[in-house]
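Asker: Okay, here's what each chain looks like letter by letter:
There are 4 protein chains.
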Amino acid sequence: MKKNPFRTIPEAPKPLTFAVNRKVRFEEVDALGIVWHGRYPSYFEDVREALGDHYGIGYLDFFQAEVAAPLRQLHFDYLKPLCLREDLTIKAELHWSEAARLNLTYEIINDRGETTTSGYSIQMMVDLKDKSVLMVPPPFFQTFLKRWRENLLPDDPGNP
Amino acid sequence: MKKNPFRTIPEAPKPLTFAVNRKVRFEEVDALGIVWHGRYPSYFEDVREALGDHYGIGYLDFFQAEVAAPLRQLHFDYLKPLCLREDLTIKAELHWSEAARLNLTYEIINDRGETTTSGYSIQMMVDLKDKSVLMVPPPFFQTFLKRWRENLLPDDPGNP
Amino acid sequence: MKKNPFRTIPEAPKPLTFAVNRKVRFEEVDALGIVWHGRYPSYFEDVREALGDHYGIGYLDFFQAEVAAPLRQLHFDYLKPLCLREDLTIKAELHWSEAARLNLTYEIINDRGETTTSGYSIQMMVDLKDKSVLMVPPPFFQTFLKRWRENLLPDDPGNP
Amino acid sequence: MKKNPFRTIPEAPKPLTFAVNRKVRFEEVDALGIVWHGRYPSYFEDVREALGDHYGIGYLDFFQAEVAAPLRQLHFDYLKPLCLREDLTIKAELHWSEAARLNLTYEIINDRGETTTSGYSIQMMVDLKDKSVLMVPPPFFQTFLKRWRENLLPDDPGNP
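Quick note, the sequences are listed as chains A, B, C and D, same order. Each residue of the first sequence is one higher than the one before, starting from 1419 at the first, in this note's numbering. Each residue of the second sequence is one higher than the one before, starting from 1419 at the first, in this note's numbering. Each residue of the third sequence is one higher than the one before, starting from 1419 at the first, in this note's numbering. Each residue of the fourth sequence is one higher than the one before, starting from 1419 at the first, in this note's numbering.
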């Protein structure tokens, strides 16, 4: 992924990567026979959830810590259309940040190996009890960052 | 609406009616240029919510009574397709029942006055605190039934 | 599947079966924490498409024959709720008919082996060129029926 | 709308504005009780379609010219959450460009007058016959630009 909208952090650990596969559904395609642009949040969410589950920072990990991670920004670059029944691979990279946020970039690859879509998202962390924005990540996330820094996280299993 | 799947109750008050208008959205249409069958739950929900709000048995009325009214059955008869940008009227009838349930029939009319779709739904009432199914309606709903019986409810304002 | 709304046909071949797995997505869950009833058309469509592809009567087989198979009826019985991240198996049975239609029943099973949802659909066959309803199935479908009758179709591979 | 990601064009006519109203639907809200971020493409599309229809550059105007205008970029800034049943106003501004593209900015306002969301989209124009990207806008759009420049377009009718 060439396009990284995030500030470069010196000596940051390498991004964490993950990928999922999906097939374009009939219901996702519009009157022009291509995936309607508004279906792509679901594509990005699929890989974001899978990445989170794999590295121990998934939806339920946040929920147990009484923290939510709503989106603050979401961006799509539609480079090529996706068509009915097309097989696609959705890749994500989580970029290092010690702030109470999650910075991800995304790439969708079709079955001819072409990048059809790229994008990024920024999530902030919010206390589920009082809805306040967190200034520092919750303890479980700080442990995750420490393990990332020390290279102790599970490997990316590669394209499923 | 000819098709009424519900048991006829002798001396029941007449059904309560309501209608809303809506235009077919680009995102609702499939590769064949017609509304994908799976969008219709939203069409029925629009009129069900509006009918509930109008007669004082809306989502928030139930919520305040700590009762939910999830669907137990939902049925669609697709008679004619709906096309891009078509204007449609969605009509609903609430049928009399003293049980802890809501029995509705629906009809979608296109701008040429044709019935394109009909259907029905059955909702049961559930206690939000312990998720148990209610045997009798909550007090606010019993008051509503009494007012329905006594013909004290607001009129159907007619097609908006 | 106990509930079969279709007329019993004497000496009909046994139904064709198929199943797919799916996980409840965050975007499918409503404010009460359960899957919104209007997401289920997608669940049924997933298994209907997979069954069609497996037995040679999928969307693309119909498209090549210039025939569409839009839904004429769709019915849901919601027996138990589905929750966030739940794993589910969606089963379908295609019931024998020599008419230009497809009669399916469905069942959704949660990861505790409980049936949460059942339902059925009826599709008619439509000529894509002039939108007329077909009285007899197209040749490829008649060949399919012959192979079904003669027990020459691929086996159900079983729960994936 | 403060945030305008587009290059300033000297002596460009003022942006064209339009607004639509909408109410948050039950089906749009997630398990946290707020609108799921992936529903917002529909919100932006509502106002984009209405703006296009009002100024004579709607979906059907493009379709008649055998041109489509798919999205090339889409961006969301989620500033505040939207909740169940909230009334919202969705505003759009079309920014002047003589290229074969549409540059829009968006703003969602809640019923307390707060901006909850902003964003932008870039659409390119594509020949529907051969799928090639247009270098210059089609004749009907050039006429529209001329009328915009000469201040001959219909007024923004104001918040409906």
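Just so you know, these hints were derived from the structure itself, not from any lab. We put the CB at the ideal spot given by N, CA and C, even for glycine. Please note that a few of the clues may not be correct.
[Unchecked claim] Label pairs and their in silico Cβ distance ranges:
#1 C:ASP1545 to B:GLY1576: 37 to 43 Å
#2 C:ALA1517 to D:SER1515: 33 to 39 Å
#3 B:GLY1576 to C:SER1515: 30 to 36 Å
#4 B:GLY1576 to C:ARG1425: 50 to 56 Å
#5 A:GLY1451 to B:PRO1428: 51 to 57 Å
#6 C:GLY1474 to D:ASN1422: 32 to 38 Å
#7 C:ASP1529 to B:LEU1571: 41 to 47 Å
#8 D:PRO1431 to B:GLY1576: 23 to 29 Å
#9 D:ARG1443 to B:PRO1428: 54 to 60 Å
[As the list claims (entries may be wrong)] Derived DSS-like pairs (lysine-lysine); straight-line CA-CA distance at most 27 Å:
#10 A:LYS1549 to B:LYS1509
#11 D:LYS1509 to B:LYS1441
#12 B:LYS1509 to A:LYS1547
#13 B:LYS1432 to B:LYS1547
#14 B:LYS1441 to A:LYS1547
[As the list claims (entries may be wrong)] Covered by chain C, per the in silico footprint, the following chain B stretches (three or more residues, Cβ under 8 Å):
#15 1422 to 1435
#16 1513 to 1527
#17 1564 to 1575
Asker: Which of the numbered hints above does this structure break?
Answerer: 2, 3, 4, 6, 8, 9, 10, 12, 13, 14, 15, 16, 17
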